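Read top to bottom, the protein sequences are chains A and B. For the first sequence, our numbering gives the first residue as 413, with consecutive numbering after it. For the second sequence, our numbering gives the first residue as 65, with consecutive numbering after it.
The hints are simulated quantities; they were obtained by calculation from the structure and are not laboratory data. Note that this is a predicted model, so its numbers are computed, not measured. Some hints could be false.
[Said to hold, decoys possible] Simulated pairs of lysine to aspartate or glutamate, EDC-like, Cα-Cα distance not exceeding 20 Å:
| no. | chain 1 | residue 1 | chain 2 | residue 2 |
| --- | --- | --- | --- | --- |
| 1 | B | K507 | B | D371 |
| 2 | A | K429 | A | E469 |
| 3 | A | K429 | B | E193 |
| 4 | B | K507 | B | E314 |
| 5 | B | K507 | B | E561 |
| 6 | A | K429 | B | D168 |
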Amino acid sequence: MAALIPLSALAEVEILKGSPAWALTLLAENAEERRLTRGALVVRQHGPADIVWILLEGSVEILLQFEVVGDLLVGVQREAGSVVGWSAFREPHLYTSSARCEQECRLLAVPRPAFEEIFARDPLVGANILRRVAATIDARLEGALRFLTDEEPAGE
Amino acid sequence: MDTVREVELLANSALFEGIDPHHVRELAGLATPQAFQAGETIVAQGESADALYVVEQGEVRIVYALSSSAQPLDEEEGARAPTSEVVFAARERGYPLGWSAAVDPNVYRATATALTPTHTLRVDRAQLEAYAQAHPVFALAFARRALWLAGARLGTVRLALVANRLRSQREAIAALLADYAPTLPVTSPLHHIPHLLGHRLTVDTALASLDALVREGNRVEREVAGLVREQLHDIRAALLLFRSLQRIYEVVASAPPELPAEEIRQRSLLEFQQLFAGTRHIVCGQENLPACPGHIFVMNHLVNHPDNLLPNDFILTLDTHFVASMILLPHYGQAPIRVVRKSHRHEHGHQRYFDRLGYIYVYSGHVEEDAEPGPSPDDRRREFLEIAAGHLAAGRNIVICPEGTSVPTERSPVAFRAGAFRLARLTRPEPLIVPIAVANFDKRIAQTRTAAVVGKSWRLSEHVDPEAPDSVLHDFVNHHAHPMMAGMVRDAERLAEEANPPGEAR
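Could you build the full structure based on these sequences and the hints that come with them?
Below, the structure written as structure tokens:
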């Protein structure tokens with residue numbers, strides 16, 4: 413397993429802000445840092461959403477992939493600490509879009525069961541995390557709407 | 065609303081799905097019924113989300129408005145800039161509105177407006193948060209649901225994006241379903257949906273199937289059916305329009321034989337008023353309408369959209385019925401007389417409809433080559449003028465489309481025939497000629513804004529000496545009347561295109 417991720421780094425991740433140290437420790441013990449090259453797929457549309465990815469460095473394109481339209485760019489995530497693959501928190505736990513590295517990226521891969529363990533241990537901590545994830549999705553909604561009306565997709 | 069119904073409403077809402085019934089009962093006790101009139105705002109984009117609402121009954125329009133940073137600032141109005149809009153509709157019981165109350169930063173992301181009288185259950189955010197804090201298990205479950213809802217909305221918008229790129233909701237839905245196909249049971253009714261949506265006579269079945277899947281499908285089916293259903297606002301609106309046309313046809317064609325034509329005309333136009341009330345339209349120039357009836361109204365004639373074709377191969381012309389029902393009937397209290405083409409022998413639907421309305425028939429000999437035996441063209445022309453003059457003398461309005469054919473808005477109007485103007489010339493007292501230009505009735509009117517412009521009325525004798533030869537009349541029609549109408553049709557087109565024109569209905 414790779415070196416433990418510093419808790420201070422995790423504490424700065426948007427969806428984990430306000431989470432107690434024990435929760436951050438649990439995540440750090442289960443997380444793995446990965447480097448992906450430009451063009452690599454982070455998640456694939458309709459794939460099983462078993463991992464929550466946290467962007468540490470780089471930028472990721474969010475794509476809808478349909479046969480008739482090919483790859484439809486619906487957003488770009490650039491902000492360090494942002495989540496890729498929030499579908500891991502949401503039934504039916506299938507990624508609803510693909511995410512592809514726009515450039516070389518450094519990401520944290522956190523298995524979904526680690527979060528579920530936190531949720532089971534302290535539901536209020538879990539609720540805080542999920543509220544923050546929902547806020548993230550809400551922000552992307554505005555980006556998608558702008559893209560729908562031919563605005564530039566809002567970067568994260 | 066009684067408590068049992070409130071509990072049932074919340075329990076069946078997507079926002080509370082799977083939540084322990086005990087918590088749902090407690091929250092139902094905290095919730096308050098709130099009703100909204102048609103046109104009333106339920107939540108407004110940008111405002112503090114201090115409550116969420118669950119729809120008990122009614123139809124709601126949801127609009128995401130985006131200010132365009134690419135547009136220049138308006139010099140007169142300062143910071144206000146034009147907006148783009150993304151519109152959805154909701155009509156099912158249990159639909160959650162204002163769920164931003166459950167998601168930071170607690171600001172409503174869209175404006176929800178009641179399209180019909182709407183009854184909701186309101187849940188105050190402060191009370192919800194206090195309850196969540198005191199009940200951690202509920203807090204977690206509810207956060208999962210709020211996240212689920214946020215994801216569903218994002219999915220809806222993304223699918224709308226695909227539809228936008230494909231310029232077709234149906235194709236986008238087909239693409240979505242094809243994409244999910246490997247994850248669906250082979251027996252899933254979702255596989256049928258693209259085919260059912262492909263024809264207006266089976267859209268009903270598709271919608272019913274989706275409604276059932278949202279309630280009873282497996283998790284993937286419920287997700288996908290919900291996504292598809294949210295996209296179907298325009299298709300649903302088109303279906304309602306089509307059903308209205310079917311009903312109107314039967315009101316006329318199946319009217320009791322003893323009912324007078326005037327009564328049938330009136331009834332059909334009242335039905336059309338209901339139909340058009342559900343569409344976006346704008347009318348300008350009503351102040352130009354003469355105070356009393358008994359005049360000739362000339363208008364351009366637009367082709368019908370093929371979606372409006374009834375199963376008996378007949379199409380009700382929307383432009384002329386709009387003018388009759390939305391402009392003339394409200395102003396004069398009487399249904400006008402229209403001049404229509406006599407049905408060909410094989411046009412049974414056409415004949416069943418128009419034979420009951422007491423309209424004035426013109427035979428194809430006036431407009432095209434006449435293959436039918438019968439009176440000579442001159443005799444028919446005389447008969448037409450006599451009948452029409454009789455109506456005018458009796459104080460009835462007559463609507464005539466001088467082109468004798470129909471074309472799309474962009475090509476309208478084509479050349480005029482002289483019949484309407486010859487009628488004005490030969491009728492005493494001389495009637496006014498009132499021009500009315502229409503636009504966009506050749507499009508899917510459930511998805512577009514139509515427009516009508518009423519021009520200033522005039523008498524033919526002001527322009528053409530009553531004793532002048534026919535060539536002078538034709539010259540006037542071709543070089544004055546037609547260009548004037550062409551200008552008015554362009555005005556109507558522009559009116560329909562304006563973002564927020566004053567006087568728009570719906």
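- [ ] Enumerate the violated hints, using their earlier numbering and listing them in ascending order.
- [x] Hint 4 is the one this structure does not satisfy, whereas the remaining hints hold.
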